[in-house]
Structures are given as C-alpha cells and as structure tokens.
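Protein chains: 2
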Amino acid sequence: MDSAFVPTTSFVRSQRSSAISGNRSGFLAPAVGRVARPVHSNVVKMVAPAADGKLAQTGDELADKCINSIRFLGIDAVEKAKSGHPGMVMGLAPTAYVLYDKIMKFNPKNPKFFNRDRFVLSAGHGSMLQYALMHLYGYNSVSLDDIKQFRQLGSVTPGHPENFETEGIEVTTGPLGQGICNAVGLAAAEAHLAATYNKPDAKIVDHYTFAIMGDGCNMEGISGEACSLAGHWGLGKLIAIYDDNHISIDGSTDIAFTEDVGKRFEAYGWEVINVVNGNTDLGAIEAAIEQAKKTTDKPTMIKVTTIIGYGSPNKADSYAVHGAALGADEVTATRESLDWDYPEFVVPDEAQEQFAKKTPEGAAIEEEWNASFEAYKEKYPELGAQFESVVLKNELGSEWEPALKKMGEETPKAATRQLSNIALNTIAPVVPSLIGGSADLASSNLTIMKGYGDFQKATPENRNLRFGVREHAMGAICNGIGLHGSGFIPYCATFFIFTDYMRAAMRMSALSQCGVIYVMTHDSVFLGEDGPTHQPIEHLASFRAMPNMNMYRPCDPTEVAAAYAVGVESRTTPTTIALTRQATAKYPEASFEGAKKGGYVLTDNTPEGETPDMILMGTGSELPLCYDAAEAVRESGKNVRVVSLPCWEKFLEQDAEYQESVLPAAVPMSKRLAVEAGSPFGWGTFAGNTITIDRFGISAPGNDIANYFGFTVENVTETAMKL
Amino acid sequence: MDSAFVPTTSFVRSQRSSAISGNRSGFLAPAVGRVARPVHSNVVKMVAPAADGKLAQTGDELADKCINSIRFLGIDAVEKAKSGHPGMVMGLAPTAYVLYDKIMKFNPKNPKFFNRDRFVLSAGHGSMLQYALMHLYGYNSVSLDDIKQFRQLGSVTPGHPENFETEGIEVTTGPLGQGICNAVGLAAAEAHLAATYNKPDAKIVDHYTFAIMGDGCNMEGISGEACSLAGHWGLGKLIAIYDDNHISIDGSTDIAFTEDVGKRFEAYGWEVINVVNGNTDLGAIEAAIEQAKKTTDKPTMIKVTTIIGYGSPNKADSYAVHGAALGADEVTATRESLDWDYPEFVVPDEAQEQFAKKTPEGAAIEEEWNASFEAYKEKYPELGAQFESVVLKNELGSEWEPALKKMGEETPKAATRQLSNIALNTIAPVVPSLIGGSADLASSNLTIMKGYGDFQKATPENRNLRFGVREHAMGAICNGIGLHGSGFIPYCATFFIFTDYMRAAMRMSALSQCGVIYVMTHDSVFLGEDGPTHQPIEHLASFRAMPNMNMYRPCDPTEVAAAYAVGVESRTTPTTIALTRQATAKYPEASFEGAKKGGYVLTDNTPEGETPDMILMGTGSELPLCYDAAEAVRESGKNVRVVSLPCWEKFLEQDAEYQESVLPAAVPMSKRLAVEAGSPFGWGTFAGNTITIDRFGISAPGNDIANYFGFTVENVTETAMKL
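Protein sequence lines, in the order shown, are assigned to chains R and P.
Going by our numbering, 16 is the number at position 16 of the first sequence; the sequence numbering is gapless.
Going by our numbering, 412 is the number at position 412 of the second sequence; the sequence numbering is gapless.
Bound-form chain R, shown alone:
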C-alpha cells in the first residue's frame, strides 16, 4: 500500500486515531483525504455517476467482478425473496471481499477447522452478505439453490445468520449488538487457549476474530459494555469493522446518533483506524486490517465509511435501501450503474476462478496446521492429548458427574449459593473447559473457582472472568466463548433479578443452542432488605416460558449437584440455576437422579397402592415448608405426598408414565398445593392451589418477609389442612 497518511485537524484530538486511504483505485482519494469523518453530504457526492451513467468502482477489473458478484447475489436473493436487507451487502461488499480474499484464514471445505479465523456479522440483517461470501468461497453448506431459497421455509439461508441452521455460521446474530459481544467472547476464548496451549516453538492456537458492526450495533448499550471489557482485556486479535454508513431504519443517523464513535472506542482502550472511502478504496481497507493485525496489545476498530446501497442510483444512501428489496426497476438501474451485464444469480467465470482459489489455499492451511499439531503432540504429549480431547473433540471425561453426586451427598446444608460455589469448585479441577465469573458480584454470587486465577490482559490462561457490572455483555460474551467450538463450558452470574438486564443474551443462548450455565443467586424476596428492586417475582415463570432453557431451582446439596450435572451435560441447552441467599435444608430423601429428571417424590406416607390425599409441591427454599407442613398434616391421619419440582422443563421431558408416577392424575388439582416465593403464573399446570406472590416484594429482613407473605410452616400446614 502506498497511500498517503493524511493528518487532519480532527487528529489533534487523538494520537491514536489514524485515517488511511489507498490509491489502488485512485478514485476520490484527495477529496476524502481531507476529512477524517466525512460530512455526510460529501459522501453523497461520491456516488454521483459519471456522464455515461456508470458509477466509479475500484479500478481493478477482477476485484470489481468479485465485488459485484457478492453485491448482485445479495440484490438478486433479496429481490427473489421480496424481503431482506440489500443495502449493507451493496455497501460493504468491497470490505468483505478484501477480508475474505486477502485476509481471512479458513477452509471452506471444513468450516470447523479449529484454527480458522472467526467471522461474526454483528449487523446480522445483512445476512445475504455472509451467505454470498460462503457460497462464492466454496462452503458446501450454502449452494446457489440455497441462496435462491433465501428466507424461505426450511432453507439454510434464514433471514438472519443462524449457527444451528447453516454450517460455517459461527454465532446467531440479528438482535443488534449481540454479535460484537460474541466476537469478544470468541477472541477471549482464543486468548485463553493460546495462553494455555501455545509454546514458544508451537503456536497451535493462533487466529483472529473479525466482526462487522453497523450503526445499530454501536448504539446498543450491550456493545459498549463488551467493547469496554475487550479494551480492558487487551484482546489484540479482535478486529471490529464498523460499517459507518450513516443510515439506519429511521433514516440518517443524524436524528439520534451524533456521538464520536471512534473517540469512544479510544476511551475503551481500542486502536481506532478510519477508512474514509470504503466504497472503492480496497488498498486502504487492506492496509487498515493489516495495521490492525500488527496491533497486538489492544483490539482494533476500523471505521469504514461506506454508502449504503452503493450502486443503486435512486436508493443509495437512504433508508429505502436498508431493509427492503430494491424492486425490479431499481435492480435494472443498479446493474446499469455498476456496468453489470450478467443475469440474476450468475457469477462471471473470472470471479468464480478467483473465489475458487480459497479452496486449495484453505486445505493447505489446515494441512499445515494438522502437521504442526502432530509435532506438538509429540513434543508435548500431555497438553497435546488434553487439547485433542477437550478442545478438538469437546470431551468432558467421566469424573465430573460422580464428583458432583458425591459432593451432593457429603455436603451439609447451607445457602444454595454456597452449595453452588462448592459444586463449581468440584467440577473445576476435572473440567478444564469450565470458565466463567460474575458481573461484579463474585463475593455475593460465590462464583470464584479457587486457585484458577483471574483472566486478565496479562494472565489470559486463567479461568475466572471479571465482567464488571455488565450483565448483558456477560451473557453474550459467554455465548461467544461457548460457540468457539472448543468444548468450553461458560458460566456467568449475577442476582436473579438482573436477568432482566441480560435476557436477550440468555435467549440467544437458548436459540443458538449454546449450553451456558447461568448462576443466579438471591433468587426470591427472601434476599430481604434490598427490597423490590432486587427481589425476583416473575422471573422463574419468565424463563419457564422460554424455549430450550432449563430453569432449575434446587433446594439442597443433592439438588444443587443435580442442577450442575444437567448444566454440564446440556451442551445445546442453557441452564439457569436460581439459588438462595439464605440457608436452606438438607434431605436424605433428596434424589440426584430425581432432580436431574426435574421432579420426583421427596416424601410420602401413602400406603403402597393407595392414592395420596394431597400433594404438596415446591422448589428451592420453599420445599422445606412443604416437607415440614406435610409432617404436620400427616399427624391428622392424612396421606401426604411431597414433590420436589426443581426443573419443570426436565420433568415435562420425561415420559407420561414417569410424570404420572410423581403426580398421579388421581389426585385432583384441588388437592394439590404449590408453594413458591414467586409468581403463581404457570403453576396451574401442576396444582390448583398455590402459596405464591402476585405483587412486588418489600424491603425488610428475610424472616419478616416470610411472615408477611405467609411463607411459614404454619401457613402452609393450615392451607394444606383446608384442601
């Protein structure tokens, strides 16, 4: 690259910021060189076509063929679907081409190749950009037919990139800001693995993580949280490309988003590079990425200023091209403006040939890595074996479950958050892929793995993550770590109430089949004095309603162990474990297997073959009330069954026979009482009566709250007697 570095007045504000422009195209370089952040109206002028109606392109014929192949696959697919977002594909095709063609290491024929660079389209609505790239660069998972089926029922090309639908998609994106946080997680995973396994003579873990963010991603608070943390962690191999196109759904970002994004990222401790002409200046794009790769002690944000919908004479640079098909006439006009004579879905041979080069290149990269890993295994047999088992094959070994079961049996009663800490520290030594931490509540959530140190910039080999008060990013970063494909079991923690801050990320765990363990302490009004702002009420119900989420609320050491066992073994379903602040009980009748099944009979005095007079049921810290109340009721001669239901989802997964054995239909709803310090919502499935809380909580000591809301053995007994 022989571009001129053009310092401008804007640069005085920061020594770390730099603008890059190349002369590969020679197009407009002087004009744009003068502004670090181009005034929007200047950008508009750039798209004015020449007198012949043709729009300036890169000046490199082959590159233009490739870039327009990407663009028109996007345009044509959206047009066929009559739905989608063509603008970003059109505007960012040059950057994407440079990234895939010149920079990224991947093997299209093995999308899971361990040492591949990770690519995250955080602006997931531009999914056709990713599908076009994957198809053109030879991924078998996205055929031309798949692209023609964009956004159709049963296709592998859904509206937004979905890792569980399309091999080669790393993470599921669409909800804005999630992807960049996933990328932080992917980069953290790489940093951890590199620090754990690499040797001076053998860098077997060595890849970059690239993310593409739009204006929307940058407006979302979650991205700020994660990027602040990425700066703190000094994730040098994280490179975020910000598609600065100045347009979002409601029009110009001027109406709501006028902050200085680059300066904000500098404040986070990132390197910031500006590419002032992302439309045609391929040299500048390449040079910026190369410079970013050279920055090893901090992440880099490359602000690439582009025109959304570049090529569309009437819709470029407007919201009209953001989220709707161009329409037949405008597609034709765009073909003319970009001098593109090919019919829809046709890719010219020269471009095909260029794209095809990545296939042998990728195979060679993987082969080379395989050879180096073989050498590594010979030289470092123990680490090599661990890497192969844990990282490559995602094996968990056989020690963790017996260890958990034993822990459940041998541990005395305590607050379930304390039991959770013991469970974590039981697994930590035998599951090296367990990694996680809390959102600044480690001392309350009790989530430290003792002896495993803090993951920090200087110590990424450590396994305790310190997320700061950043719940939402925490969840999304864990998704990134989990979806690195290296066997990680990420866990994260905060007060149960603050799942409200991170619910979107938790849903993404569930949707993208990422088995994060959510350790949620202070799980009810009994946390006491902090009051209703901190007391969960509707939260159990809200997660029970969420698909593919195991919501556990264990009551004692055995059940805590079982909840963790399900968390560890459920690699495609996240597990949320609600845990008490206060002490609970320990029952010899508690069942590890029963709790893993989500529900079981804890105690019953009903003679064999008879039907219980009533069933008391509950979860977590209210199960002891049922246990004790049942004993009191039995004194009156009644047959009373107590059922523990720590996880409804697991229970409802069991066959009908098992469910009937626990909750026999012969005991009518009117003879069943559920006790839980949370919303009654949903309990109608299991019980006709509840002692629950259908209002917000209150600030007071826990015992006072128990009396106030009737969570006493006396009240449960009395209510049960009335059944």
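Treat the hints as calculated values from the structure; they're not laboratory data.
Note that the coordinates shown come from a computational prediction; the quantities given were computed from them, not determined experimentally.
C-beta atoms are modelled at their ideal positions from N, C-alpha and C, and glycine is treated no differently.
Careful: at least some of the hints might be erroneous.
[To be verified] Stretches of chain R that chain P covers, calculated by requiring three or more beta carbons in the stretch to come under 8 Å of a beta carbon on chain P:
{"#": "1", "segment": "481-493"}
{"#": "2", "segment": "501-511"}
[What the hints assert, rightly or not] With a straight-line cut-off of 16 Å between C-alpha atoms, the simulated EDC-like cross-links for lysine to aspartate or glutamate are:
{"#": "3", "chain 1": "P", "residue 1": "Lys597", "chain 2": "P", "residue 2": "Glu631"}
{"#": "4", "chain 1": "R", "residue 1": "Lys203", "chain 2": "R", "residue 2": "Glu367"}
{"#": "5", "chain 1": "R", "residue 1": "Lys82", "chain 2": "P", "residue 2": "Asp704"}
{"#": "6", "chain 1": "P", "residue 1": "Lys457", "chain 2": "R", "residue 2": "Asp254"}
{"#": "7", "chain 1": "P", "residue 1": "Lys109", "chain 2": "P", "residue 2": "Glu382"}
{"#": "8", "chain 1": "R", "residue 1": "Lys450", "chain 2": "R", "residue 2": "Glu461"}
{"#": "9", "chain 1": "P", "residue 1": "Lys638", "chain 2": "P", "residue 2": "Asp604"}
{"#": "10", "chain 1": "R", "residue 1": "Lys457", "chain 2": "P", "residue 2": "Glu718"}
{"#": "11", "chain 1": "P", "residue 1": "Lys82", "chain 2": "R", "residue 2": "Asp254"}
{"#": "12", "chain 1": "P", "residue 1": "Lys671", "chain 2": "P", "residue 2": "Glu718"}
{"#": "13", "chain 1": "P", "residue 1": "Lys638", "chain 2": "P", "residue 2": "Glu610"}
{"#": "14", "chain 1": "P", "residue 1": "Lys102", "chain 2": "P", "residue 2": "Glu353"}
Put chain P on the given structure of chain R with help from the hints.
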C-alpha cells in the same frame, strides 16, 4: 472560588476536559493538582490520618459538622439495620452537602413544588445518603424515626429509594444505570416544557436535573445509551456527578473497568469536569457545579474522585465498606478518626441550624414561582390554563376516550400496528402531554404523531422522540419523563421481541407506578422472514407474569382503541400493547368496553340459559381463527362461544360474576381451546387445550409459518371438533 486551573499533560488529549481544585480546605491541593485522573495508590495515601489519629476534613468547621451529620446518619442507620451501603454516604457526603446546601432549589415542605431541581440517586444502594439529606433538610416524609427504621418492614426508608414509598424521592433506583437514564428523561421533560411554555419575559419552567452515578452505573450499557442521546439532545440542564471511587463490590475497578470514562462522555458530546479531591475540596465541588450550570448547550459530567468509606480507618477505600455495616468497633474508630463526639443519630445544633435554613429558603422560592406563574397566567391566559390543567394538575380532559371509541368504530381493518398509529394520532391532538417514539423503528412501529415534529436539540418543543437503537435507555427515559410529575403520557416502541433488551426498564415502570405505554409491534412468528431472532414466543407469558403490567394484545380497531384507552387512563400501571405486522380483521361484535375489561364474549350461538358445548378463545391475530372456526363447528350443531381475552390482567381484575359470565365454570377445561401464536405457558388458567407454539420460530413468509404451526381455520376447526 479562587482555585487554580491546573492544566496537565493529560489535557492535551482534550480541550473540553478540565480539572478543578479549590483551596477552601487547602488540603492536598498541590498534590492532587498534578494528576487529572489520580492513580489509585495516590488516593489511598490521601486518607492517612495525621499523627493525632484525626483525618483531615474540609477546614470549615460548620461544613464539617454538616457533612459528618450526613455521614453518621448513614453510618448509624446501616449499623442499626445491620444491612446497607455505608461507603458511598461517607465518601460522597461532601458533594451531597454542597449540592443540597449551595446549589439545589427545592422546598422541603412541598416536595412536589413544580419548579424544583430534580435529584436522582442513580447509585441507589446509597439510599441512606438521600434519606439523610431529606431528613436533615426538613422533608416531613423522612423523620429520624424513619431513619432508625431503615430497611425494616413497613418503613418509608427501604433498601433502595422508591418513589412510591417516600414522598420526595423522584424515581426508584437501585438496578444500576436506570437512574441516570431517568435523569435524562427528567431533563428532556424540562426542556420540552420550557420550550413549550416559557416566554422571553417568563421562564416558568426552569430547573436542573442532578444525578449521582457510581462506577456501576457507568459500566452498565444502558447509561451509555442514554448519555449518548443526552449529548445528542444537548440537554444543558442535566448535570451528572460521577462518584469516581474506584471500588465496586468485587474490589478495585481495576479488575474490570479501566476505560477513560471522561473521554467517553466527551465522545457523547458532554462537557466533562474533573474534581480531583472530592473528599475535602468543597470549593472545587461548588465551582465545578457552577461551571456545569453555565454550560447550556450540552450536559455536564462532573467526575468527583472520592474515597469510598472516607473516615473509616480500616475499611475506607475497599469493597468492605461498600455493601455492609461497618461493625461497632469500626464505627467507633470512624467517630475518632473524624473527631465526632456525638452519640448515634444525634445531629449537632449548629448543623441543624444550617440545614434548617433551607426551609424558609425553599418556601420563598416556591412563593416567588407562584407569583411569577400568576403573572404568566394573566399575560398568557390560554397557555397558562393549559399549564395549570395539564402540567400542574395532570388532567387529561374528556375528549380522548370518545375520540378513541369513535376511531375504533369507524376505522376499517388493517394490521393492528397501523391501527395503533391511528389511535396515537387520534389522541395526540387532544392529549398534549402525549410524547414518545421508537428505537429506530418508527417506520415499522408506525409511531409518528403527524404534525408534531421531532424533539431535537433545536426543537425540544416537539413531541416525537427519536431514541436510536437504544431500547433499554428508551424505557428508562420514558420512566423519567413520566415521573417528572407533569402529566406526561410517555410511549415508546420497538419490535415486541426487543422487550428482552429493555425488560429491566419496563419492570421499573411497573414497580415505580409509571404509566408508560409500550407499543410493541411485530408481535408473533407471523412477522415472517426475519426469523426466530425476531419472533416473540414467550414474551406475552413473560409480561403476564409481571406484577402491575397490563399486557394487551388487541385483535381489531375496536380493541386497539380500548387498549389505548386503558393505556391512557392507567397512570400508575404501564401498558404493553402487542401489535401485528400483518393485517387482521374487524368485527361488529368487538366491544370497546369488553376489551377494556380484558375479556368478553365475542360471539356465541348458545341459546339463552344453556351452557356452551365449548369455548374457543384467543387474542390478537389468532382471534379471527377462533371466529371462523366457531362458525364451521356450529354447522355441526354445536353451541360454540368465542371469547376474546386481549388483557388477562384486566380480566382477572373484574369481579367473579363478570368472569363467570364470560368463562362459565360449567364449561370444563377440557372443552376449552385457546389459540395464540406464542408460548402455551400460563394458558392453563383458562383452557385445557391450546394451539400455541412451544419452540422457537422459523424464517419464512408469514403464510407458510401459519401453515407450518397449524394456525389455520382448518386446524382450529378440526381441533375444536375433537374436544
């Protein structure tokens, strides 16, 4: 103030940043002047007591008496409760004293005085700071007994500030970051009212909004969203004080939070001022706030560096003082270190006298305002009458409900999001306090009030808010607007799925009794091609489980009008309205009153006095399936009732007789079928059978999705026939 402005090397990076230190105390000014952001270890050195064991204070005896009165009320109350957060009260007492004593305009005997400065303790865990200030400065709502009842059952001094418990608390805080966003809303409300009502000769609206943020608030993404918007809006009368104490629950913020916060706020377009010694330099604190008030075109962030737990010889500057009582010994040691000879809960007379000055001062301020408002009313009778009615008395007038009802009757069928737009534009002209907008989806949510312009820096008199892609801040800003006390009806909008991004703010609406209207479009899988990342499933259930939230899902023009009617009249309960992307139906049988009651009989062919053979029920876009299926089933001779249940909460609020009249117990659960394109969770309350969706959605055109999931008249009919 006669402090020296001390430029330092750090200042080169920014012309907007400035450090202020006063010499009122003379203590340490030269030492701290040398660093714009003090290295933490330097700060620690500052607290070393002198040889006599006494800690340096401000040097102003009266001020010290007042400051320590605040401190020790906090210390003693936390100690008595054995629960709470003393550290912040101790560290920030000097700043709080300056703010309340020298700066803020309020009338303690009328906490609702319209033109008061608004104070928000965004770091709500420091609630004792606010209670101490309110008590000492003469608010009747917080007596000394109340302070002694801190965090006890039934007290007005709960663990975190709650506007609904304690008169004079503006907003409910505790969940970090919410408060600063509320403050942005309060300041936006002030800006809007000032632009609407002020005249060159009569500034009847003229107050500041002060917020105190901690490190935690600054780590949360929500605060970044709101502060970016506040910068964009140029809210010059918003002044945020950042208690930069470098400690959060997990210890030093160094473990997770090393970004340059000041620089980030500059990037947002804020003025940033550093007070390098917030422990004793009162002059610097006062000068900083005065300077902030002079900055009228942008909000100001004052970073006050303090030592958490200032005064505690053994626990200051550590997490130990953040969230737990000091313990008796340390309280004694703190009394010694601060030379404080008074028993617990005793305030010295000199301090009492100083605090008491605010009472006549406040009364005079209110009197002066009352006089100026009288003059205003005479000079501008129309505006004055509107101000009195809408802003002061929060009156809604009588036109809006008939207008809505008429709109429901006269509007043809359409997507309910379109009907929502018509409803908004029906109310807008007759309810001048309606203000709101969308998180960058105005063109999809259809939330623009036509003819009412955009609220922007230059046009704050306008009523359409442009939030950008910042859902979480949007909700919290609306809470601030709503709780300004000026009759505002704030509404805000995004896709229903993205309630996951803003759930914490929506819960705060419900908890703090703020009647925000949440306009949530694209309310089911039928939004189609965007796929499962955008398709709500569990969301209806999750809000139905939330206390004090009305969750509406209307089916046609009449029901949309009714949902808005409930939204408008429910000033202490927020209303979430789920609306379709796609067209629905219109029914002559639809009932405005019935929909306001949350549920009613839409159609029924059962002869008078007989019991229906079955009940089909549903909400929103699935009600038409019930309607049509019922007609088909009736052809077989059955008596079929169709029930519309647009709002479960309102329905369950009705008396038993009404509920029985709609859903008679004589029709068993097994003969009831609910149809809703969402989770089955919770439907067990009303029906034994459902056609619902218990998995994530799928990317495809809406009609294909309807067939795929069985949301067809054929399937509903067939299922109903089998009952």
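Evaluated hints:
no. : hint                : result
1   : 481-493             : violated (count 0)
2   : 501-511             : holds (count 7)
3   : P:Lys597 / P:Glu631 : violated (25 Å)
4   : R:Lys203 / R:Glu367 : holds (15 Å)
5   : R:Lys82 / P:Asp704  : holds (15 Å)
6   : P:Lys457 / R:Asp254 : holds (12 Å)
7   : P:Lys109 / P:Glu382 : violated (30 Å)
8   : R:Lys450 / R:Glu461 : holds (14 Å)
9   : P:Lys638 / P:Asp604 : holds (10 Å)
10  : R:Lys457 / P:Glu718 : violated (62 Å)
11  : P:Lys82 / R:Asp254  : violated (51 Å)
12  : P:Lys671 / P:Glu718 : holds (14 Å)
13  : P:Lys638 / P:Glu610 : holds (12 Å)
14  : P:Lys102 / P:Glu353 : holds (15 Å)
Hint compliance for this structure: hints 1, 3, 7, 10 and 11 are not met, and every other hint is.
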